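Number of protein chains: 2
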Amino acid sequence: VVRSEGPADRGDVRRHNLSLLLRLLAEGGPRSRAGLASDTGLTKATVSSLVSQLIDRGLVRDVGQAAPGSVGRPATLVEVDGTNLVTLGVELGVDYTGIVAADLTGRVIEQRRRPLSRPSVGPRDVVAALRADIRAATGRLDRFSRRVVGITVAVAGMVDSESGAVVFSPNLGWRMVPLRDELRRALRTSVPIGVENEANLGALAEFRLGSAAGTKHLVYVIVENGVGAGVIADGQLFRGRFGQAGEVGHTTVDPSGDWCACGNRGCWETTIGMRALLTRCVPDQAVRLLNDRRLGPEEKVAFVVARAADGDAVARSALADLGRWLGIGLANIVDVLDPEVLVLAGSMRMLAPWIHESAVTAMRARLPNPASPRVEVSTLGYSAAGLGAALLAAERLLIDPLAELVPTRA
Amino acid sequence: VVRSEGPADRGDVRRHNLSLLLRLLAEGGPRSRAGLASDTGLTKATVSSLVSQLIDRGLVRDVGQAAPGSVGRPATLVEVDGTNLVTLGVELGVDYTGIVAADLTGRVIEQRRRPLSRPSVGPRDVVAALRADIRAATGRLDRFSRRVVGITVAVAGMVDSESGAVVFSPNLGWRMVPLRDELRRALRTSVPIGVENEANLGALAEFRLGSAAGTKHLVYVIVENGVGAGVIADGQLFRGRFGQAGEVGHTTVDPSGDWCACGNRGCWETTIGMRALLTRCVPDQAVRLLNDRRLGPEEKVAFVVARAADGDAVARSALADLGRWLGIGLANIVDVLDPEVLVLAGSMRMLAPWIHESAVTAMRARLPNPASPRVEVSTLGYSAAGLGAALLAAERLLIDPLAELVPTRA
Numbered sequence: 013v014v015r016s017e018g019p020a021d022r023g024d025v026r027r028h029n030l031s032l033l034l035r036l037l038a039e040g041g042p043r044s045r046a047g048l049a050s051d052t053g054l055t056k057a058t059v060s061s062l063v064s065q066l067i068d069r070g071l072v073r074d075v076g077q078a079a080p081g082s083v084g085r086p087a088t089l090v091e092v093d094g095t096n097l098v099t100l101g102v103e104l105g106v107d108y109t110g111i112v113a114a115d116l117t118g119r120v121i122e123q124r125r126r127p128l129s130r131p132s133v134g135p136r137d138v139v140a141a142l143r144a145d146i147r148a149a150t151g152r153l154d155r156f157s158r159r160v161v162g163i164t165v166a167v168a169g170m171v172d173s174e175s176g177a178v179v180f181s182p183n184l185g186w187r188m189v190p191l192r193d194e195l196r197r198a199l200r201t202s203v204p205i206g207v208e209n210e211a212n213l214g215a216l217a218e219f220r221l222g223s224a225a226g227t228k229h230l231v232y233v234i235v236e237n238g239v240g241a242g243v244i245a246d247g248q249l250f251r252g253r254f255g256q257a258g259e260v261g262h263t264t265v266d267p268s269g270d271w272c273a274c275g276n277r278g279c280w281e282t283t284i285g286m287r288a289l290l291t292r293c294v295p296d297q298a299v300r301l302l303n304d305r306r307l308g309p310e311e312k313v314a315f316v317v318a319r320a321a322d323g324d325a326v327a328r329s330a331l332a333d334l335g336r337w338l339g340i341g342l343a344n345i346v347d348v349l350d351p352e353v354l355v356l357a358g359s360m361r362m363l364a365p366w367i368h369e370s371a372v373t374a375m376r377a378r379l380p381n382p383a384s385p386r387v388e389v390s391t392l393g394y395s396a397a398g399l400g401a402a403l404l405a406a407e408r409l410l411i412d413p414l415a416e417l418v419p420t421r422a
Numbered sequence: 013v014v015r016s017e018g019p020a021d022r023g024d025v026r027r028h029n030l031s032l033l034l035r036l037l038a039e040g041g042p043r044s045r046a047g048l049a050s051d052t053g054l055t056k057a058t059v060s061s062l063v064s065q066l067i068d069r070g071l072v073r074d075v076g077q078a079a080p081g082s083v084g085r086p087a088t089l090v091e092v093d094g095t096n097l098v099t100l101g102v103e104l105g106v107d108y109t110g111i112v113a114a115d116l117t118g119r120v121i122e123q124r125r126r127p128l129s130r131p132s133v134g135p136r137d138v139v140a141a142l143r144a145d146i147r148a149a150t151g152r153l154d155r156f157s158r159r160v161v162g163i164t165v166a167v168a169g170m171v172d173s174e175s176g177a178v179v180f181s182p183n184l185g186w187r188m189v190p191l192r193d194e195l196r197r198a199l200r201t202s203v204p205i206g207v208e209n210e211a212n213l214g215a216l217a218e219f220r221l222g223s224a225a226g227t228k229h230l231v232y233v234i235v236e237n238g239v240g241a242g243v244i245a246d247g248q249l250f251r252g253r254f255g256q257a258g259e260v261g262h263t264t265v266d267p268s269g270d271w272c273a274c275g276n277r278g279c280w281e282t283t284i285g286m287r288a289l290l291t292r293c294v295p296d297q298a299v300r301l302l303n304d305r306r307l308g309p310e311e312k313v314a315f316v317v318a319r320a321a322d323g324d325a326v327a328r329s330a331l332a333d334l335g336r337w338l339g340i341g342l343a344n345i346v347d348v349l350d351p352e353v354l355v356l357a358g359s360m361r362m363l364a365p366w367i368h369e370s371a372v373t374a375m376r377a378r379l380p381n382p383a384s385p386r387v388e389v390s391t392l393g394y395s396a397a398g399l400g401a402a403l404l405a406a407e408r409l410l411i412d413p414l415a416e417l418v419p420t421r422a
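Residue numbers (the numbering used here), protein chains in the order written: chain A, 13 to 422; chain B, 13 to 422.
Derived by calculation from the structure, the hints in this document are not laboratory data.
Take these hints with a grain of salt, some might be off.
Note that the list lumps identical chains together, so a pair holds whenever it fits in one copy or between two copies.
Pairs of lysine to aspartate or glutamate residues, derived as EDC-like cross-links and limited to a Cα-Cα distance of at most 20 Å, are as follows [unchecked claim]:
{"no.": "1", "residue 1": "K228", "residue 2": "E174"}
{"no.": "2", "residue 1": "K228", "residue 2": "D172"}
{"no.": "3", "residue 1": "K56", "residue 2": "E91"}
{"no.": "4", "residue 1": "K228", "residue 2": "D246"}
{"no.": "5", "residue 1": "K228", "residue 2": "E352"}
{"no.": "6", "residue 1": "K56", "residue 2": "D68"}
{"no.": "7", "residue 1": "K228", "residue 2": "E407"}
{"no.": "8", "residue 1": "K56", "residue 2": "D74"}
{"no.": "9", "residue 1": "K228", "residue 2": "E388"}
Quick caveat, the model's predicted, so the values are computed rather than measured.
Required output: the full structure, derived from the provided sequences and hints.
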């Protein structure tokens, strides 16, 4: 509470006020410097100085006069340079990369995915592939005078978001890869780069733009090869101590069940992950599908859906059982987090018609009170994590508008 | 961000400033009105007016002059009336009630428990018992000129902390009991009364005063008849949507395991709760011990500990197995919440020497990275929830010093 007048403190105040002005403009639309002053309680001189700094960095711009109908003498309005500024969300999958470009309001400008052709996912190759993707996207955006002001990479695994390092990613086989630093070197950019867990980013995207947007207690559960979850608690992304909150794939739901790649038995992922899905629903094709590198997860799941739609009894019965296991694991999450809504993503989106009912029934039977959360299916598609990554980059810019960003184009 | 000048708003500002002054005095010690003004940036006139209101309510008092050595002309100091003000934490167990009285710094003034003699736990009887306990404590405290300024009741079950109602308590057999309103009527007091889940309060006590105090990501796990947990996330008590966060007793850890009273199989509580403990460790005495109403949980657990200490092979082997189930459930919690420390309470305190190692081994085997949390045993004893209840009442007072409290003694 005690105020200090040291320069570090004044820097904090300036950063706070810059963020305040940029947020007001991004969320509330254009206004005059006098309007900004009265909205914030800052002096007009302070507002003018801060707005100049934001203009220098290309974050806001002057935009002519107030509308003719308005009262008082006309004043120059300031607005976020929103048509120009974009953030990139970069997805780093085991066998693909993806890019989502969005403006500061979360509107998607472009969205692409491409397979990673070679089987290697060593850090050097991945950084080269990401650099190519980011350069190509930056080039395309540049043609429309759009400037990239922030990048976040979505990674399946444990991430140190402070240092931007991938601490551990079983899927990629990475340990302690300083991804942010290597990308920054490869791109030779001063644009802020962040690294975050993909399920956390999916949760953020659902909280901002999904069907349950704004729900203060939300859990995003994504099932593909494995299972992950991202947690919004009290309206904030909840990361836990090491950003590992929501790593639910290896929670034990059946200690006498199937062996898991992690060395234990009956992890949730052994009951609802891709291997369980294919082995139980389409046993005659499971080995072929699991080993076919040309098939993405969507195509494998589509195979199961086709069988079920054909009325195949094995597939239908296995899907109902899979729904029950889904419900058991969801109930375990609800017991710990008490959320208002669960959003299902990944393979669960396509499988919903076949498993939703058995999942909800199994979940409700295990919750001791009538306050079961809603179970919804993600409407954001496969790139929720990429979208969340773009949103997080925008959010970081709004929190600290001058971080690392140089006045001239990167 | 836009400022309004309405009276509701001014009330908020006053409440905020009263809280600010009271916190400064409670946490930082006595100071002059001028000192309070310079520490908070408020004008001296505002500080004087707010301090008068706090003095009127008996929350702070004038305390003579600044020390002779200090610079400038001597000023009257103000301090929290800390020797006089206490909060009560009231424990409502199935077969006992308890009271913890603490001052505003969390120092325990007195602590008592008594068995509820009759088997009935109907709301009417319980409210009468609590009224007697609270009146007796208030009377004892009054003899030392101590005044009760807040009460929180700790309940095993689902609580609506806004309305102070017990929504559902399986142990007490209660549904929708407006406990706060009934207690307030019975006590005829205007002292603020709160109602909160006991595991949440245990977590709060551990976070403030336990061996892991100050750890930002902490989970408190209490095992007695059933199993409950309270969650500190990012340094805050995390309640979830309905205050149900951490209700881990009925998470499924073994779907082909024992039937639970809740109607499902293999809830965590069927593997480590009191029934499992006695049935597996002392099978020859389990029925007798479970049905003996005169024995408290401590005495039942002591019986098991005595057997194990005697070298009984059945008890020792069953305890190791119980430890393994404890570890499996703890790993499931860690996967979701990623805490820094787990604090074990209830029967796990006495059993720790026999189960700690197998629990930690089983937990670590299930966590995919080396970042396992510490597993500690509570040092706060059986009344952690009561202590947490007293702390919460003090915290609420500091947040809103004038809430419901009348100027004269209640």
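> Which of the listed hints are broken here?
Replying inline: Violated: none.
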